[in-house]
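Colleague: Residue numbers (my numbering), protein chains in the order written: chain A, 243 to 746; chain B, 243 to 746; chain C, 243 to 746; chain D, 243 to 746.
Derived from the structure by calculation, the hints contain no laboratory data.
Bear in mind the structure is a predicted one, so any value in this text is a computation, not a measurement.
Beta carbons are placed, not taken as given, at the ideal position from N, Cα and C, and that holds for glycine.
No incorrect hints appear here.
Under 8 angstroms between C-beta atoms, here's a sample of chain D residues computed to sit facing chain C: (1) GLY337; (2) ARG562; (3) THR694.
Calculated from the model, a selection of chain D residues having no Cβ within reach of chain C, i.e. all distances over 10 angstroms: (4) LYS357; (5) VAL421; (6) GLU448; (7) ASP464; (8) TRP504; (9) PHE637.
One letter stands for each residue in the lines below.
There are 4 protein chains.
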Amino acid sequence: MLITSEAWVERQLRMKKNIYMGGQLVGRDHPLIVPGRNVIAMTYDMAQDPKYKGICTTTSHLDGSEINRWCNLHMSVEDLLTKQKSTRCGIHNCGFCMQRCMGNDGLNTLSVISKELDEKYNTDYHKRFQEYLKYFQKNDITSALAQTDVKGDRLKRPAEQDDPDMYVHVVKKTKDGIVVRGAKCHITMGVYADEVIVLPTRVMREEEKDYAVAFAIPTDTDGLYFLNRASAPRERKHFKAPLAEYGSSDAVTIFDDVFVPWERVFMCGEYQEAGRMALLFANYHRHAYCGCKPGVTDVIMGFTELVAEYSGIERTQHVRHDLADLIAVAELIYAAGIASSVNAVKSSSGVMIPDPVYSNVGRRLAGENIYHEHNVLVAVAGGLPATLPFEDEFFNEKTAPFLKKYLARKKGVSAEDIHRCFRSIGDLSCSGFGSVWQIAGVHGGGSPIMETIAILANYNLKEKAEIAKYLAGIERTGPDKSEVFPGEKKNLETFKEHLRIYKK
Amino acid sequence: MLITSEAWVERQLRMKKNIYMGGQLVGRDHPLIVPGRNVIAMTYDMAQDPKYKGICTTTSHLDGSEINRWCNLHMSVEDLLTKQKSTRCGIHNCGFCMQRCMGNDGLNTLSVISKELDEKYNTDYHKRFQEYLKYFQKNDITSALAQTDVKGDRLKRPAEQDDPDMYVHVVKKTKDGIVVRGAKCHITMGVYADEVIVLPTRVMREEEKDYAVAFAIPTDTDGLYFLNRASAPRERKHFKAPLAEYGSSDAVTIFDDVFVPWERVFMCGEYQEAGRMALLFANYHRHAYCGCKPGVTDVIMGFTELVAEYSGIERTQHVRHDLADLIAVAELIYAAGIASSVNAVKSSSGVMIPDPVYSNVGRRLAGENIYHEHNVLVAVAGGLPATLPFEDEFFNEKTAPFLKKYLARKKGVSAEDIHRCFRSIGDLSCSGFGSVWQIAGVHGGGSPIMETIAILANYNLKEKAEIAKYLAGIERTGPDKSEVFPGEKKNLETFKEHLRIYKK
Amino acid sequence: MLITSEAWVERQLRMKKNIYMGGQLVGRDHPLIVPGRNVIAMTYDMAQDPKYKGICTTTSHLDGSEINRWCNLHMSVEDLLTKQKSTRCGIHNCGFCMQRCMGNDGLNTLSVISKELDEKYNTDYHKRFQEYLKYFQKNDITSALAQTDVKGDRLKRPAEQDDPDMYVHVVKKTKDGIVVRGAKCHITMGVYADEVIVLPTRVMREEEKDYAVAFAIPTDTDGLYFLNRASAPRERKHFKAPLAEYGSSDAVTIFDDVFVPWERVFMCGEYQEAGRMALLFANYHRHAYCGCKPGVTDVIMGFTELVAEYSGIERTQHVRHDLADLIAVAELIYAAGIASSVNAVKSSSGVMIPDPVYSNVGRRLAGENIYHEHNVLVAVAGGLPATLPFEDEFFNEKTAPFLKKYLARKKGVSAEDIHRCFRSIGDLSCSGFGSVWQIAGVHGGGSPIMETIAILANYNLKEKAEIAKYLAGIERTGPDKSEVFPGEKKNLETFKEHLRIYKK
Amino acid sequence: MLITSEAWVERQLRMKKNIYMGGQLVGRDHPLIVPGRNVIAMTYDMAQDPKYKGICTTTSHLDGSEINRWCNLHMSVEDLLTKQKSTRCGIHNCGFCMQRCMGNDGLNTLSVISKELDEKYNTDYHKRFQEYLKYFQKNDITSALAQTDVKGDRLKRPAEQDDPDMYVHVVKKTKDGIVVRGAKCHITMGVYADEVIVLPTRVMREEEKDYAVAFAIPTDTDGLYFLNRASAPRERKHFKAPLAEYGSSDAVTIFDDVFVPWERVFMCGEYQEAGRMALLFANYHRHAYCGCKPGVTDVIMGFTELVAEYSGIERTQHVRHDLADLIAVAELIYAAGIASSVNAVKSSSGVMIPDPVYSNVGRRLAGENIYHEHNVLVAVAGGLPATLPFEDEFFNEKTAPFLKKYLARKKGVSAEDIHRCFRSIGDLSCSGFGSVWQIAGVHGGGSPIMETIAILANYNLKEKAEIAKYLAGIERTGPDKSEVFPGEKKNLETFKEHLRIYKK
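Required output: the full structure, derived from the provided sequences and hints.
Modeller: Given below as structure tokens:
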């Protein structure tokens, strides 16, 4: 079902208070929270907009009803490709991260792993998940996703910490459910989501089986607290702009002995699969970045082109080459997402898993380039995004005429448009909010070094060394030495299978 | 039809002498030519190998017969994807450029443009081309491709040169055909191809219509001369290795009033389309690079992994990160090829045209990284590829024991394998032949600056500026201002159309 | 003379009101202005501190009295080397730009050019300047520097603009002085300086001689207005820290028919030298950057090391390599400054001019790396600088225990120190103030593309081509062809001369 | 004393045969050896040339006689600065590495360490060294330098190797001297040097004291064998060019129980200082690179400028920016050398030790950029360096007119000059010889990763963390907490001391 953004906001406002900000217990109507909430509201609006039908919406594979794409499971390559498209469009509308992908990535992860757990351990997680999914789709739910534990001493494992609560874990099991304790940090949008899906953050050992826990709960569950930091562009008094209406929130999220009923528990003790669950979520989320980050670059590129036009330098070679660099970054990342989608494999639950090499090389390129992209925008824009007088000076009767006279640039561009352009670039690249998204561009979904590890873990370097041995005339010693390039044929079969899947 | 490599070589040897090398008129059996010819022979062998059935072979859309993939037109997205795969496999077998793609890129270009010319100018080029294609497929032809003119003064157009022959042009037309004069440089494999397809190298104006000429002729046609430079790894006396058996040839190719019969002429005077033909070939060839270059990187990566293993440093973090960089380069380029294939559009001739933004961002990334990749291999290998004693020292009775004793590295790796490994890296990264492929990696298919130009020409930056205007609250002034993100919807339609095409 | 910071601040507070901020006419005691003023106050304090004697102070070459180094002219190589040192130390104390260098760079520029003008045009600018310098040193003056005009249409010269006021120019000359009109932008510290030195921003032509004007005036001169934008880290309620006490101000500076008496005019109409004056100031300021930017990198590097230690990852290889990158950037820039100092030449006024090739390659490297350096800090720090809860949450009785428990990292590091560390990194890399300094790092003193132009203008590429010709056996055609490497000998002589100068 | 190149070559030819190449025992007149020998001969010629007086020559501090600078000890900052200059000039004359610096770096190392050994262990190494130095200067000796052992298993220390000979070590001591065994690899110019200085390659432990050995012997000492690999540009038949006359040799150098008399032994068993000796030599050699590498870049830059001029593209923005990149690399490295020289400290032997942070950041920048620089040259030159026909084609009567006609470029540049230019670029960037120098550019003097280690070892990161603590308001805990920035004052004193030393 598709609900309106108004209905969703009303639902938000009915929630119990459990958010701390500025030393106060605040409600979901706190003015600092609103800009972030607006981003999610936008995703409800886009789903109502005929222009985005089939992009921001799709058909539930459960019952054929029309649903928001962010409530969908990826049942086909086309679903994955359209997920990329949908994310990119979302960012074109709000200017930054559109946030709702995380809960969806969690849903897909839970679907795959709950099925695998049932197959291996004869549990009934997948049935629980299916019920949860029905609820999710029926109520057009927005979910946050909590994965990163606070971790304490980085050189010690969860079970080795002085304080056992450094990773979220089960402290009690009852007939009705489990009680969990711990804290997750960097949790985006918890303060304006309906639910939060909680996943383990790493590989666990047998002695850490209490840490192998996954579940989903409403965001106003008792014992759950958000110590929240909200971010948004500086408020506009006069030059209202869509960009300045959107923001975000991140919270240190406390699980202070939170009760979770069994029907909302999707892993509990199967430590052997905790790592797979953590990495599978990362894979979905890195695939999401391959749609999202090109949208962010589109915005940076758009402002670079616009400010170059306003300054009359849009044809100079170095500006053109800078723009080509931005295009290349955006489209290489998007291409990695396409390749990851096209090479996806079907899990036992029927949900498609994007190819992890491509999702990771794409996300890594994004993480490596975000600061460079801001550098490009700023280099072309010049110093004004940092030194533009405050908005009021443009309206004070003494100073307004000075600014109108002296900030003029190319003929035919109004002073107001020049102001709007530079002020918005200031929001993007010269503000606390802009900095949050620079940092998120490095770390969100895992920093480049995490992708480097994932790439190496998923790539067959031995096979490449076999190619080298063949070419150097060195006898190969591997088990597949009858094959000239072992594995290649198999890859191709897999590849063709994808094509078939794709065609269905 | 598929012919054997033996049959193909015999056909080569029957050709007339028109190759100059070392001050001599030499035959196609000259020892310096053989290594390059071996690469083409390999493409005939691979087509005979069941392991590569469906990859290196396919079915002619003309008559359903089995043909070498390099004689094929790309009638589907799958054809484009398999072309990438086929190229990558070829390089795994010979270590460098597998060369035969160029003629195929020319064929596809001629098919598209000859059809378009007929549609616009009521000519019959496409029928001629269809006949030529039948001949090509039936005889399993290998074609070189000659595009780059010698160009004279770079700041002058073809018609402005002091010497009108700086670009190949028609000097005479007769009832039976045309006579052409000029020279093309950097022409690879002309001295071991059956045919050479000749295309214009740039946009032409009306006064340059004699330069708007495309045709195909046998490589031993009268008046055609190759001033050839052959390259190959140093010949091995003892440590024979596949890598050292393959090479290449590039020639300044002289058209000294060459006669071309009408049935082999595919453009003659339609100057308006010369640029499109030139760029379309570039597009096909840059798409080819998106399959080829990952194969080259696989080889570099394989030797990096191998030499790291032999030195016992394959687990050190900086080596692992270097390898991840190589993987990222290879797979981002390959992903760009996949995205270019998946987003291809069907031309009026039925042949698919890869998306030029993706083919260009992929090729550009390749061109920007080739030197860096050799740097990585060399950094991990250490100085020995440059300072390894000559082969003879490993067999002289005084010196061989010294080398056996002192070049030992990790236990369990034989002295011979160490020698083979470093000697092959020397071939790759420390030889004239290796340097040729570094330079080809920069310039082959167009240097990064040419792709930069192509990317900018094919990308809608204005649309991105419209996104910026919307976000900044600036009124948009374009013709599509009713659409929030003009063109996006349309792109999606196109995109979906591709999916449909793909599914057929 | 050295005055105290208290005395200086009192002098500031006696100034007339001419600052607009937030729509108000405000005084020099406005709370947003104080953090920036603190930086200048610090430079007075450092001069009083025995630890910095000889670094932050020196002896006037006019009268031998002890003066602040920022009132000094560079009479020797040692002066230039100590200027670098003094700047670096200043940044270690305030964390960012120490600002007072600009006025000093202006002083040195005026000394050199006023002398040259007198020599060429028989004027008496240098005598005026000498008087001004005495006043400057005697009163321990702080001067801002205004160079960058608002420029209007970037593709038109000053005289071609629709509005002639787009560059500051003389509108009237009287017996007593001149009247100037126009506006300069990005003018740092105008609102907390005693004086402002005004220089032309570019080469001028004869028809632009009214634009060839240089002068110095008190910052509260009638008709001078600052439309000011102040920046500072977020104010601390509890975790007070030096870093958070300092800030900056930049203003669009309006010259609304400002009268300048003749004794304060140092160029007026000598358009032929406007470009030399503009570039000479740039050279001094880029040399200043070669001392300043290493200090900024020291701060970034210090926080990178500190946060790595607190997280227990300071020995991991990738963190170590990141730190080495930061060291290399800092020390290559500092080395460029040293080389620029050692290769300085003495001007006719006796003031040393740093070598422009070295000052420019140093500044360029700084401008190219600033975003990368923040990226390194942020990559090592993780996401917490962006998601750390507000200060109040650390003091609220419900939330403080959670944060104390859950933000613990390595044993032995207190929760407060962890908070302080991440909050300060937030100030540096995740705040509007931090962003201002990223942008200033790109553009301050001229962006990398301006240095690229300056490098090419000052470098003898023809001489390098002569080396190539010699090596290739191509006959050289230049006027110096008797010399094997023309100019080299001469360079060496110049070089030795510097050594002699240096030794004096 | 200065001897002529003729006298030196004659001395070479009197040596005993101990070189193996191509399976033969060959003499020092072998044609493959001559190009390398020419480089050394050039250093004798330059010392005779009045133009280089004071650059390539200097005055012995022992007896005041005029000596070749490569026989000199660095007794002052000026000596270090002139060493840089001399190296750069040498490369302008031969196009590549001028090789003779290595022996000089070894001499300076031996002087410093032999003195320190005597001070610590009451030995008489320094007296022996002084005698050796007299002999060296009196006979105008050229010495090779052998440091890098073959190393066997990289993960094991010298004493842990299965074969104890993997590092050169003392196998016997007698009344008259010592007997050494082992092998050193990558030993440049051993086959055309008078002497070879042998140093340990790493830190040694007590059980490895036999490996702590340093000595100097004639290159035709009994038991010493060179398994040599010679490299040179392709021989020219017609287009003779200085570049093509010079080359190099590298050898696996075998010490097959070589006797060394005590007067030539400069360390024997003092394992505690083996590491310092190894690193000090590295420091001198990295300082040498800071003079050498800018010369190599001058040559690359010269050919880039020349080929751009010949092609008429020397004013295009991207070519200009590429040239600026080359200038920046050359001059930043040179500046690092100047800073290293200016900040040198005097050792107890009186010899100056360059600052290791600056020598290492300089050498590291060189090693990181060499492949990029060739990439730039090749990108500007286009494909012709790789595809230029062989020299003979330019003289064959059939083909010469074609080449003359078709390789013409800009008017006024002769066909021969175009050929010479491209052929020389081919030698530089498209030949086995060129590749040797690419690899040497990465590894010679230690690869970038070795400099990274050295930078981190010599840099006070803790001090930078103290700056961060101060700024963040964190209490500092170090021993120097009374000092705000501990160590800084001291650095300045040291710095000033250098200035004094410099002035003497």
